[in-house]
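Asker: This is what each chain is made of:
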Amino acid sequence: MAHEAAHESHTALIWKVFIFLSIITIVEVAFGIIKPASLHLTSFLGTSPLNWVFIILTLVKAYGITWYFMHMKEEKASMRRSVVWTSVFLICYLGALLLIEGSYLNEVMTPYVKWDY
Amino acid sequence: MEANVATTKEQTWGGGDSKPLGSSYGKMMIWFFIVSDALTFSGFIIAYGAMRFKFLETWPIADEVFTHIPFVHGNYPMYYVAFMTFVLIFSSVTMVLAVDAGHRMQKNKVAWYMLATIIGGIVFVGSQAWEWKTFINGSYGAVQMHDGKILQFVDDTGHQITLESFVTAHHGERTQHESTNGLWFTSEAALPEFTVAEVTEAFKANSAIRVRTEKIDMTTKSKEILSREASLNYLAEGKAVIKGADLKSNEYGKTLFADFFFFITGFHGFHVLSGIAFNIIIFFNVIIGTYEKRKSYEMVEKVGLYWHFVDLVWVFVFTFFYLV
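Going down the list, the protein sequences come from chains R and U. Counting the first sequence from 1 gives a position; the numbering used here is that position plus 769. Counting the second sequence from 1 gives a position; the numbering used here is that position plus 23.
Worth double-checking, as some hints may not be accurate.
Result set (EDC-like, lysine to aspartate or glutamate): computed pairs, CA atoms no more than 20 Å apart in a straight line [stated by the list, open to error]:
| hint | chain 1 | residue 1 | chain 2 | residue 2 |
| --- | --- | --- | --- | --- |
| 1 | U | Lys277 | R | Asp885 |
| 2 | R | Lys883 | U | Glu80 |
| 3 | R | Lys883 | U | Glu260 |
| 4 | U | Lys238 | U | Asp170 |
| 5 | R | Lys883 | U | Glu87 |
| 6 | U | Lys266 | U | Glu216 |
| 7 | U | Lys238 | R | Glu876 |
| 8 | U | Lys244 | U | Glu87 |
| 9 | U | Lys42 | R | Glu843 |
| 10 | R | Lys842 | U | Glu321 |
| 11 | U | Lys50 | R | Glu843 |
| 12 | R | Lys804 | U | Asp240 |
| 13 | U | Lys277 | U | Glu260 |
| 14 | U | Lys277 | U | Glu80 |
None of these hints come from the bench; they were simulated from the model.
Work out the full structure, taking the sequences as your base and the hints as a guide.
Answerer: Structure (structure tokens):
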């Protein structure tokens, strides 16, 4: 058992990860309140660069929680891959299909929405 | 070969020491659960994304919906939900500290950290209840048109104003139908404070007010404000005055937004609630020394995995409901 071999405390690491996650959250909230026009009102790869910043920071946070809080780092690589690759693949797959479908519905529906009364 | 394969001559079918993927049975099962629950949540959030893409030009702007913090009046987007995020991350930290103390067989530390985690969870669920209450009660009130579109009211600076600030009620003949004064088998919800006719009349009397529609101007990412004449044309199509949000109408815009909000944050909140229940059970087990006798705090680790997962989901809910 990996844990029994290493009984030393991870407390310092845990607090470091907490500070790291807090800083990311503070950055996200600051961006969410300020919404700099150069990031918010421009477009990059289908959405605003600000949205990409949010999504990437979220994935970094997810990595921190999974690897250090859920101890994924200490699991065997086979275990880690079974969980992470499976979920990431299926979520990306479903996300791609449904978002493409959503854009298509938008394209088809928008001309028929009445805005002149 | 990394994965464990039963290569020994021993009987492994009856429960040998062979551990697939180096994981104990319990941890393997909680990971099975987490992966499937992650797919459930991603299904919900992706469905939200699909509907948001469909109604891209008319979706409510989250900053204009969640602007309240307790005990303070004013317009403060993000702060409250950021607080909730911190509470949950912090309770994740105390949980992982409990797991860490469990590895070192420190019973008292485990118990105290578990208690802190439970309190964090209760604070989070309470905060979410407050968020729901605020969302359900609404802030400004709006008029819904016959085709379901929402009309909000803004002053000459473009800031949204409440219906109460410019409409006066005339109190007509119509009273609320309750089962005691009408048909015994049916009743209706409380009547709105104002009628569409009263709102229109007050609107005509006050030339500073204009109507804001759901439509987003994609170059400025703000909602379109109509001219006075156009405002009156839109108001002529008004069907009902609504205040707050529920599953059938939503003063902030698309009803679907409210539906998804209640469903996804509700489902997540229910997970937190169950997590609190699991944590309480494990907390008492720690106190009575169950895991001390078992010489293993793996149960703490397993509820810990569940608790971190709930935190993980919230990170995504936070991004997709409040930020993006």
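Asker: Between Lys42 of chain U and Glu843 of chain R, does the CA-CA distance stay at or below 20 Å?
Answerer: holds (15 Å)
Asker: Are Lys277 of chain U and Glu80 of chain U close enough, with their CA atoms no more than 20 Å apart?
Answerer: Since the Cα atoms of Lys277 of chain U and Glu80 of chain U sit roughly 11 Å apart, the hinted pair holds (cutoff 20 Å).
Asker: Taking 20 Å as the top limit, are the C-alpha atoms of Lys244 of chain U and Glu87 of chain U close enough?
Answerer: holds (12 Å)
Asker: Does the structure keep Lys883 of chain R and Glu260 of chain U at a Cα separation of 20 Å or less?
Answerer: Between Lys883 of chain R and Glu260 of chain U the Cα gap is close to 12 Å, so the pair holds against 20 Å.
Asker: Holds or violated: Lys804 of chain R with Asp240 of chain U, Cα cutoff 20 Å?
Answerer: Satisfied, since the Cα-Cα distance of roughly 16 Å is no more than 20 Å.
Asker: Tell me if the straight-line CA distance from Lys50 of chain U to Glu843 of chain R falls inside 20 Å.
Answerer: Measuring from Cα to Cα gives roughly 13 Å; hence the hint holds.
Asker: Going straight from one Cα to the other, do Lys277 of chain U and Asp885 of chain R come out at no more than 20 Å?
Answerer: Cα-Cα ~19 Å, so holds.
Asker: Mind checking the alpha carbons of Lys883 of chain R and Glu80 of chain U for me, to see if they're no more than 20 Å apart?
Answerer: Measuring from Cα to Cα gives roughly 13 Å; hence the hint holds.
Asker: Given the hinted pair Lys238 of chain U and Asp170 of chain U, is their alpha-carbon gap at most 20 Å?
Answerer: Holds: Lys238 of chain U and Asp170 of chain U sit about 14 Å apart, inside 20 Å.
Asker: Sort out whether Glu260 of chain U lies within 20 Å of Lys277 of chain U, counting only the CA atoms.
Answerer: holds (17 Å)
Asker: Within a Cα-Cα threshold of 20 Å, do Lys266 of chain U and Glu216 of chain U meet the stated pairing?
Answerer: Given pair Lys266 of chain U, Glu216 of chain U holds - Cα atoms ~9 Å apart, limit 20 Å.
Asker: Within 20 Å, alpha carbon to alpha carbon, are Lys238 of chain U and Glu876 of chain R?
Answerer: holds (15 Å)
Taken one by one, the earlier hints fail for this structure only at number 5.
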